[in-house]
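Chains as they are written, first to last, in this note's numbering: chain A, 1 to 230; chain B, 231 to 645; chain C, 646 to 935.
Hints are computed from structural coordinates only; laboratory data are not their basis.
Misleading hints may appear alongside valid ones.
Computed, partial: chain A to chain C, Cβ under 10 angstroms [said to hold, decoys possible]:
(1) L22
(2) H71
(3) K72
(4) L78
(5) R123
(6) R174
(7) V190
All C-beta atoms in this analysis are idealised placements derived from N, C-alpha and C, irrespective of residue type, glycine included.
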Amino acid sequence: MLEVENLSAWYGEAQALREATLSVAEGEVVTLVGRNGAGKTTLVRCLMGLHKHLTGSVRLDGRDITTLPAHKRARAGLGWVQDDRGIFANLSVEENLLLPPRVSESAWTLEQVYDAFPALGSRRRAGGTTLSGGEQQMLAVARVLRTGARVLLLDEPSEGLAPVIVAQIGDIVRTAKQSGIGVLLIEQNVRFAATVADRHYLLAQGRLVESLDNDEFVERQDELLEHLGI
Amino acid sequence: MNKRRTVATASMVMAGVLVTAGCGAGGPSAGGGDFTDDKVVLALLNDASGVYKDVSGPNSKIAIQMAIDDYQEKYGDEAVVDDIEVTSADHQNEPDIANTKAQELYDREGADVILDVPTSSAALAVATQAKNKKKLYMNVGAATTELTGAQCNKYTFHYAYDTWMLANGTGTVVTEDGGKNWQLIYPDYAFGQDMVKSFTGAIEAGGGKVAGTIATPFPNDNFATYITKAGAAKPQVIGTMHAGGDLINLVKQYNESGLKDQGIDLAVGLMFISDIHSLGVEAFEGTIFTDAWYWNLDEKSREWADRFMEETGDRPTYAHAGNYSAALQYLEAVQAAGTDDADKVVEELEGKKVEDMFLRNGEIRAEDHRVIHDVYLARVKGPADVKEDWDYEEIIKTIPAEEAFRPASESGCSM
Amino acid sequence: MNAVLQYTVQGLAAGSFYALAALGLAVIFGVLGVVNFAHGAFYMLGAVAAAVLLDTVGMSLWLALIVVPLLMLVFGMLVERLLVRWLLPLDPLYNLLLTFGLTLLLVDLVKRRYGVSGLPYERPSALDGRVQLAGVGLPVYQLFVIGVALLVCLGVWLLMTRTRVGMIVRAATERPELAGALGINVGRWVTPVFGFGVALAGLAGVLAAPFRAITAEMGSDFIIILFAVVVIGGLGSIVGAVVGGFLVGLVEAFGQAYAPTFAQVLIFVLMAVVVLARPAGLFGREEATA
Ligand SMILES: Nc1ncnc2c1ncn2[C@@H]1O[C@H](COP(=O)(O)OP(=O)(O)OP(=O)(O)O)[C@@H](O)[C@H]1O
Ligand SMILES: [Mg+2]
């Protein structure tokens, strides 16, 4: 449902992405692994329409969205979770959830969100950034699920979180997958990636150097870890 | 850069036109007099766009043109000079701009006399230029007594009003009428400090006392607490030395304060009829102030004010009338001297007794060049007493010329 | 003691003008990132409009309090659409210069049309007089000004905290890019928000009309104090603008009472102290992310 073709991006003169071509199908979880500075965030920002200096094309359900402004992409079904989680300090937990408009029938209700994330329900009136890091990550993911987004773009959701919470995030990703949502998961945590994903892309210096299915990925895990320098 | 070039080009073109015109006329009539460039140039230098624009501003140019017309009508073929021009410049109330403009007017535009120049610091700068260039300068718009005091000079004359005259009028008369205990509120710059000094002198001479003074920032729009504070000392009169927008702010907030009902009056140090016009008589009702001239004094002033209104749509302030009179008396002196030579014109002016629609019992004092004349104590009418537009003042007292201004003996001027 | 009560009321009345106008300045800065230098000129236009409407069609203060802000809302939206919008993608400095230029233009136009001496304004007689409280007569009009300002500030606060519009404005203020990526059309809110900020300045102007000299220059010093207010309250903070406004009004009044010549200086001393102690202002947040 998400198809990216020959995507190149620049910061001024410096090229950060080189002709990346990738796709995410319905109900498929795909990870993008790569070292720091490889261009992963740049790629999702291009997909969201936040980085504009680019060539190539992005299609969602066959529709070319390459030149759409960010808010229209969100309404077309892209759900972005920023690498710093992007919780509004001036909005309460509940307001953070209610801010984005519903974009499809599969949008979660507040009750569903609070059932799935009891910690959010009990703190619904609290300021968004008064939550712990893990809770903020839950909130960020719950926020895009509540809109009914059909492709999730998660930028390193496991970063800096305790293993139990990372496991919880894995559960959410699997739930999403089951309901037909496509997920592009940016990860440096290779072990975690291997537990949730169907396929993997390896990004190095702005170039997609390999595309592996999960079995190959697990097999070559040590080599990949070394490549990533972790 | 461009602007300057345009101005230069424009003045060259104008000069060309004038030369041609002069040739055409053949220059026959100029009664054998001795004139630089065969013409007389009167230059108005004042605030053309800022806070004092309505007090004098561009309308004074019209007043000066009226003086030229009256001079030409009076003398006709007898006039010693045919070609009389009026030019003007904006000094934005800045002394350094006034200084350069005065230089330009005297040197490049051939001005024989500079008129008006409100704002004391600017006025003093121009006086220095007049002295250096040996060209005439008749100040109308500034209040400082320095012009006829320590910084007086042979070429500078001071018309209309000054701080001594204002303080003497309002301060003395209000005190003698029973307002013995004063609080003064003043803007904290040269004019305000001068006024406080002059008022204190006048009030004490009248048997009263200044119990306190309050300096305020300048400019300022919030006077509420200053007024409350002055009122808390329970004076009989609060005297304000503010002008323009500050004065309007202060009066509005005085009216708000309720001090009037407690019998604490407001006396205004410097006020123009344009202030009353802009704020409305209600706001100023009952306020007492000293006026150098009022358009509705009598037939003579009224007739002139009607002419002025036809041209401008407004009634004149005393600055407009003062500029008219200064221009007219300058031209009379030129007529008598038969030349625009500054020294000869000064000779004609000095000591001259004058009557015109502005100067009543007027004299151009030789000792310090203060132009003295009758001045008036006015009270602002209530709305019910206003019979026509601009009918705002009731003249409650005429202060005779010799009492109205600082005696020459006290001026400290030596030329 | 009585004097202190009077000073307090005077301070809050002066602070009302600051609070209302600063609120507008803060909202505009928050959503557009524009430091609107023309805010003082908009305040002036509000007062001038009230005076002109009273003079020409006899519009009372009561009606002017509603009509003038609406006119200013429309005027502000036009300014945003026709001018400010084009410079938004550039360095914020450009819009500062633009609004500075706009100020000069508006002030000059008003001077040209209405002169420099100021316009008269008569308020409804219902607001004349004084009420006695603890032995002092407090001017009804000052109390009225404070009341209106508090009501409007409360209204804006409810709007900002209790409505979806307010939520969107808060989100867009904090992280405009993210708000967009979550499906909010931030651009659509820019024009009304600018107009709304301008309307608040206009409202402050209408309230000032019976109380202050209505001249083309009346906003020139006002804007300087306003900048101090928003720096003290915290740039872009709505609560900060209101608290800062009333605080500055009080400092001005008590300064006038106890250190007359330094009344205005004190405001900037307060500003310096606040900035040293809390660089982001009393209610400002340290920048989370750029
Ligand atoms: N705003 C920017 N201006 C200039 N260069 C940038 C900018 N943002 C990122 N880059 C550069 O682009 C390259 C890709 O950065 P990007 O943030 O996409 O990497 P990343 O793979 O997400 O890294 P990380 O794992 O650290 O998040 C890097 O070399 C980075 O230095
Ligand atoms: Mg990244």
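Outcome of the hint check:
1. The interface hint given for L22/A is violated, since its Cβ lies 20 angstroms from the closest Cβ of chain C, which is over the 10 angstroms cut-off.
2. The criterion of a C-beta within 10 angstroms of any C-beta in chain C is met by H71/A, whose closest approach is roughly 5 angstroms, and the hint holds.
3. Proximity of K72/A to chain C holds as hinted, the smallest CB-CB distance being about 8 angstroms (cut-off 10 angstroms).
4. Of the supplied interface hints, the one on L78/A holds, with its beta-carbon coming within about 8 angstroms of a beta-carbon of chain C, less than 10 angstroms.
5. The beta carbon of R123/A is not positioned within 10 angstroms of any beta carbon in chain C (closest approach about 18 angstroms), and the interface hint is therefore violated.
6. About 24 angstroms separates the beta-carbon of R174/A from the nearest beta-carbon of chain C, more than 10 angstroms, and the hint is not met.
7. The closest approach between the C-beta of V190/A and any C-beta of chain C is roughly 27 angstroms, which is over the 10 angstroms cut-off, so the hint fails.
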